[in-house]
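Peer 1: Chain residues, written in single-letter form:
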Amino acid sequence: MTLVLFAATVTATTTIDAFMDEITILLGPLERIGLLRAADVSLALGLVLRFVPEIFARYQAIREGHRARGLPLRPLTIIGPLIILTLKDADMIALAIDARGFRRQ
Amino acid sequence: MNACILINVPIHMGRHMTTRDLVLIALFAAIIVVLGIIPPVTLGFIPVPITAQSMGVMLAGCIIGAKRGALAYVLVILMVAIGLPVLAGGNGGLAVLVGPTGGFIFGWAIATYVTGLIAERTIRDGQSEARQFAGFFIASVVGGIVVLYAIGMPWVSVVTGTPLMAVITGSMAFIPGDLLKAVIATLAARAVLSGYPLLPQRA
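So the protein sequences, as listed, match chains A and B. Just so you know, we're using the numbering used here here: the first sequence kicks off at 1 and counts up by one. Just so you know, we're using the numbering used here here: the second sequence kicks off at 106 and counts up by one.
If you are wondering where the hints come from, they were derived from the structure by calculation, not from laboratory data. Heads up, a few of these hints could be off.
To spell it out: a stretch of chain B is covered by chain A in this simulated footprint if at least three of its residues, at any positions, have a beta carbon under 8 Å from a beta carbon of chain A; those stretches are [as the list claims (entries may be wrong)]: (1) 129 to 135; (2) 177 to 189; (3) 284 to 296.
Note that the coordinates shown come from a computational prediction; the quantities given were computed from them, not determined experimentally. Glycine included, C-beta positions come from ideal geometry on N, C-alpha and C.
Please model the entire structure based on the sequences and the hints provided.
Peer 2: Laid out in structure tokens, this is it:
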């Protein structure tokens, strides 16, 4: 619960751009030695913060679905749909990122 | 975005990481975080409650494979280090990383890599269901239990000063629960494989 509130607060008060810029700067030294692309790391972190509240909402929707159908809450019947529904968005998100030219490639 | 010129260095050996891989890594890291928020389920016949987050290693390795799975955990560890409360129970911060359970947290990334490696090597399209179940189960047990404990237990022993044997016997209480998690992760991974296969196209 704390995390959902925290993530929501950070999302509401900090623009993801600002957050990502900060991490890009912090990881600059690692990029210079060729270990990673700092911009990719900050983009990934921005995505996580952006999607945690959304995935949690999806979990609640699946839970409601279980209740409505009178099914017991079992880890298996929740995790499967949660993962499939979430990962199915990956293509759209990737297209959106590339369409905006975030990764300059 | 930063004004400096971005060098196109491959993030790891082999093919350059696509945006889709990056998004899958981030989404799975977010799933791992959400699994930590879901209240644990008690099953009655074993005393340890099943926290969904501890299945993350097995799930990540079996579903998005070795490299992407391990990188998803690197991302989670990075968030722990920043101090975000991403662990089950709202824990986070550098203190957790150097504490007794730190070995398990760093071990997640390596354990996920091993789980993914075994899953990638054993699971093929068109195999019988039973073989896929067996492959996922072996991958989950070897990566998510054997490798994870091999890293986590010596760390606990060093940090707390407890003899390693005592740590090992103490950890045995968690093994039945972990085997059950491996079963659940196996079933979930197989469900995802048939619903939305990601493992075959490796990063």
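Peer 1: List, from low to high, the hint numbers that the structure doesn't satisfy.
Peer 2: Result: no hint breaks.
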